[in-house]
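Visitor: Residue numbers (this note's numbering), protein chains in the order written: chain A, 3 to 115; chain B, 7 to 120.
Please keep in mind that the hints were generated in silico from the structure rather than gathered at the bench.
Even for Gly, the Cβ is constructed at its ideal location relative to N, Cα and C.
Treat the hints with caution; some may be incorrect.
Below, computed lysine-lysine pairings styled on DSS-like, alpha-carbon distance capped at 27 Å [to be verified]:
#	chain 1	residue 1	chain 2	residue 2
1	B	Lys7	A	Lys16
2	B	Lys7	B	Lys74
3	A	Lys13	B	Lys48
4	A	Lys73	A	Lys16
5	A	Lys16	A	Lys59
6	B	Lys7	A	Lys59
7	A	Lys59	A	Lys73
8	A	Lys59	B	Lys48
9	A	Lys13	A	Lys59
Chain A is nowhere near these chain B residues, computed Cβ spacing over 12 Å in every case [unchecked claim]:
#	residue
10	Glu23
11	Gly49
12	Arg61
13	Ser76
14	Ile119
Label pairs and their computed distance ranges (CB to CB) [as the list claims (entries may be wrong)]:
#	chain 1	residue 1	chain 2	residue 2	range
15	A	Gly18	B	Ser58	29 to 39 Å
16	A	Gln82	B	Lys48	44 to 54 Å
17	B	Glu23	A	Ser64	43 to 53 Å
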Amino acid sequence: DTGVSQDPRHKITKRGQNVTFRCDPISEHNRLYWYRQTLGQGPEFLTYFQNEAQLEKSRLLSDRFSAERPKGSFSTLEIQRTEQGDSAMYLCASSLSLTDTQYFGPGTRLTVL
Amino acid sequence: KQEVTQIPAALSVPEGENLVLNCSFTDSAIYNLQWFRQDPGKGLTSLLLIQSSQREQTSGRLNASLDKSSGRSTLYIAASQPGDSATYLCAVTGSNFGNEKLTFGTGTRLTIIP
């Protein structure tokens, strides 16, 4: 399967802990996106990369959140000092160009206790 | 700020019926519009992508239309099946370079009754 993969699929953590998620895009895709989805809502944009450059960050991405895409391949999203409000599904997507479909991974479900 | 609305929030129809899902957006300056399907607890599956210059796209039993000037799109599902039960999301991208993020609606939860 050459789709978008995310790891882990589920993460349970205690408030105040740091967590890191990984996304592996489709291999030839140079664009990579992170979204967050809470129950009953549509996904909300967090940030996106073109190759290794982070081109846009949402105001939802507080200073506790950081994302990287070293070498323009996989990406990581780190949340420091997690809060209960961070509980959500974190979705990663990739695409080949602006005119291309964004292909989504299965998501990482984060629960902060 | 772009806002996307989907009505109804939930819909139940008997198997075999044709149905239409609606999506509206406030800023007509879009680059493209996508329809996605999401099963409970899962990621999104792309169904159809319509570029802003296009009026419609078809894939199997699905047909999506776009009226950019009025800020509306519809997803038509023919001969519905129980396997079509899912949440359907529409999303748009902005038209200016670099504004590539998808802005999503809250979805329509579709249930097909056998």
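Visitor: Hints the structure violates: just list their numbers, smallest first.
Guide: 1, 4, 11, 15, 16
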